[in-house]
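Assemble the complex: chain C is given as a structure, and chain B must be docked to it using the hints.
Residue-level listing of the chains:
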Amino acid sequence: MKKHDALDKELESLSPWLQEQSRKKDGMQVPPGYFENLEDAVFNKIDAQNLRRPVLTAQKGGLLRKVLRPRMWAAAAAISAIAVACWWMLRPQPGATLPVDTYAETLTDEEIEAYVLENISEFDPDQLASITEVASLEHLPTTSPAPAPQTKTTEDIPAEELENLLQHMSEEELESLL
Amino acid sequence: MELLRSEQGFERGFRHLMSQYRERLYWHIRRIVLVHEDADDVLQNTFIKVYRGVLQFEGKSKLYTWLYRIATNEAISHLQSKARHASDSIDDTMAVMSNRLQADEWFDGDEIEVKLQKAIAELPEKQRIVFNLRYYDEMPYEQMSAVLATSTGALKASFHHAVKKVEAAFREL
Numbered sequence: 001m002k003k004h005d006a007l008d009k010e011l012e013s014l015s016p017w018l019q020e021q022s023r024k025k026d027g028m029q030v031p032p033g034y035f036e037n038l039e040d041a042v043f044n045k046i047d048a049q050n051l052r053r054p055v056l057t058a059q060k061g062g063l064l065r066k067v068l069r070p071r072m073w074a075a076a077a078a079i080s081a082i083a084v085a086c087w088w089m090l091r092p093q094p095g096a097t098l099p100v101d102t103y104a105e106t107l108t109d110e111e112i113e114a115y116v117l118e119n120i121s122e123f124d125p126d127q128l129a130s131i132t133e134v135a136s137l138e139h140l141p142t143t144s145p146a147p148a149p150q151t152k153t154t155e156d157i158p159a160e161e162l163e164n165l166l167q168h169m170s171e172e173e174l175e176s177l178l
Numbered sequence: 179m180e181l182l183r184s185e186q187g188f189e190r191g192f193r194h195l196m197s198q199y200r201e202r203l204y205w206h207i208r209r210i211v212l213v214h215e216d217a218d219d220v221l222q223n224t225f226i227k228v229y230r231g232v233l234q235f236e237g238k239s240k241l242y243t244w245l246y247r248i249a250t251n252e253a254i255s256h257l258q259s260k261a262r263h264a265s266d267s268i269d270d271t272m273a274v275m276s277n278r279l280q281a282d283e284w285f286d287g288d289e290i291e292v293k294l295q296k297a298i299a300e301l302p303e304k305q306r307i308v309f310n311l312r313y314y315d316e317m318p319y320e321q322m323s324a325v326l327a328t329s330t331g332a333l334k335a336s337f338h339h340a341v342k343k344v345e346a347a348f349r350e351l
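As they're listed, the protein sequences go chains C and B. FYI, the numbering for the first sequence is 1 to 178, going by this note's numbering. FYI, the numbering for the second sequence is 179 to 351, going by this note's numbering.
So here's chain C without its partners, still in its complex pose (with noise of 0.2 Å):
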């Protein structure tokens, strides 16, 4: 489809009023040999202007002067000594202790247990007794035990019935009292 014919269409739809109008006149217009003049219009401007004549600065040459631009190499360096410096700093050292965490995993509780009281004295008391006190307060039941029954004491029994009950005691129980 031409240009011409595609722009057609699509006004068409959008407007046809405005695709009835002559779009090669708009009324505009240029003095007589404007455009013949035009280039020395332009070279006279670029004399005035004492520009330089522009020089050629990207080289032919495609992908090997790319290749070769030194630039591009001090980059590529610089970015492989980082990365030599990085593996370096970071790589596993021979004899390195083990993160505590790796460590312990590879330990009995038995061995655990007689490393600590072989050491006992290099830990932090209090620290110690609140590992022991959520340790075991984990096997406790978690309800709250029964109140113990309450007794009465000689004072809260009125005097009547304390001679009451004297008398009825025999001698040996009375003496299991005292």
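Be aware that one or more of the hints could be misleading.
In the DSSO-like style, the derived pairs of lysine-lysine whose C-alpha atoms are separated by at most 30 Å in a straight line are [what the hints assert, rightly or not]:
| hint | chain 1 | residue 1 | chain 2 | residue 2 |
| --- | --- | --- | --- | --- |
| 1 | B | Lys334 | B | Lys304 |
| 2 | C | Lys25 | B | Lys293 |
| 3 | B | Lys342 | B | Lys304 |
| 4 | B | Lys304 | C | Lys25 |
| 5 | C | Lys25 | C | Lys9 |
| 6 | B | Lys334 | C | Lys45 |
| 7 | C | Lys9 | B | Lys334 |
| 8 | C | Lys25 | B | Lys240 |
| 9 | C | Lys25 | B | Lys260 |
| 10 | B | Lys304 | B | Lys227 |
| 11 | B | Lys240 | B | Lys227 |
| 12 | B | Lys238 | B | Lys342 |
| 13 | B | Lys343 | B | Lys293 |
| 14 | C | Lys9 | B | Lys343 |
| 15 | B | Lys293 | B | Lys260 |
| 16 | B | Lys343 | B | Lys304 |
| 17 | B | Lys293 | B | Lys342 |
| 18 | B | Lys304 | B | Lys293 |
| 19 | B | Lys343 | C | Lys45 |
| 20 | B | Lys227 | B | Lys238 |
| 21 | B | Lys343 | B | Lys227 |
| 22 | C | Lys9 | B | Lys227 |
| 23 | B | Lys238 | B | Lys334 |
| 24 | B | Lys293 | B | Lys227 |
| 25 | B | Lys238 | B | Lys304 |
| 26 | B | Lys227 | B | Lys260 |
| 27 | B | Lys342 | C | Lys45 |
| 28 | B | Lys293 | C | Lys45 |
| 29 | C | Lys45 | B | Lys227 |
| 30 | B | Lys240 | B | Lys304 |
| 31 | B | Lys304 | B | Lys260 |
| 32 | C | Lys9 | B | Lys260 |
| 33 | B | Lys342 | B | Lys260 |
| 34 | B | Lys238 | C | Lys25 |
| 35 | B | Lys304 | C | Lys9 |
| 36 | C | Lys25 | B | Lys334 |
| 37 | C | Lys9 | B | Lys240 |
None of these hints come from the bench; they were simulated from the model. Note that the structure is a prediction, hence the values are computed from the model and not measured.
Same frame as chain C, now just chain B:
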């Protein structure tokens, strides 16, 4: 381009480039700035910019697209500069210029053409450029997309809105 790259052929090559594109670029610029005197200034500045940069043009886009882009930017800069001098917005400047259109000795449009130009001048800057490129230059959306760095979908929508607005504005004038 080959001629431009040779030491002796640069001027001849540049003159050839101007003769190939001068009319298309002129009308593109003229429809943005409306008045011949302004269009002449902008076109000459466009070619001076091209003169300075043509040897650095790497051919990543078509030469035609690159030239249109420079011309469009120069025309917009010219309008912005005019608006700054008048402490006005570009839209107000366009309204003033469209009113002056009939006084331009290089305009002899009839009543309909004057009204149409005034209706187009009322469009926002980007829509006006899209409308002119499509309606007068019949530029395909793909090319326009490369010139204005906008997606073809957005350009189509912009043109459709512009057409409706121009018709409505024309009927109100």
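Hint check:
no.	hint	result
1	B:Lys334 to B:Lys304	holds (13 Å)
2	C:Lys25 to B:Lys293	holds (13 Å)
3	B:Lys342 to B:Lys304	holds (15 Å)
4	B:Lys304 to C:Lys25	holds (23 Å)
5	C:Lys25 to C:Lys9	holds (20 Å)
6	B:Lys334 to C:Lys45	violated (39 Å)
7	C:Lys9 to B:Lys334	holds (13 Å)
8	C:Lys25 to B:Lys240	holds (28 Å)
9	C:Lys25 to B:Lys260	holds (27 Å)
10	B:Lys304 to B:Lys227	holds (22 Å)
11	B:Lys240 to B:Lys227	holds (17 Å)
12	B:Lys238 to B:Lys342	violated (35 Å)
13	B:Lys343 to B:Lys293	holds (13 Å)
14	C:Lys9 to B:Lys343	holds (19 Å)
15	B:Lys293 to B:Lys260	holds (23 Å)
16	B:Lys343 to B:Lys304	holds (14 Å)
17	B:Lys293 to B:Lys342	holds (15 Å)
18	B:Lys304 to B:Lys293	holds (20 Å)
19	B:Lys343 to C:Lys45	violated (40 Å)
20	B:Lys227 to B:Lys238	holds (18 Å)
21	B:Lys343 to B:Lys227	violated (34 Å)
22	C:Lys9 to B:Lys227	violated (37 Å)
23	B:Lys238 to B:Lys334	holds (25 Å)
24	B:Lys293 to B:Lys227	violated (34 Å)
25	B:Lys238 to B:Lys304	holds (24 Å)
26	B:Lys227 to B:Lys260	holds (20 Å)
27	B:Lys342 to C:Lys45	violated (42 Å)
28	B:Lys293 to C:Lys45	violated (36 Å)
29	C:Lys45 to B:Lys227	holds (12 Å)
30	B:Lys240 to B:Lys304	holds (22 Å)
31	B:Lys304 to B:Lys260	holds (17 Å)
32	C:Lys9 to B:Lys260	violated (37 Å)
33	B:Lys342 to B:Lys260	holds (28 Å)
34	B:Lys238 to C:Lys25	violated (35 Å)
35	B:Lys304 to C:Lys9	holds (23 Å)
36	C:Lys25 to B:Lys334	holds (24 Å)
37	C:Lys9 to B:Lys240	holds (27 Å)
In summary, the numbered hints that this structure violates are 6, 12, 19, 21, 22, 24, 27, 28, 32 and 34.
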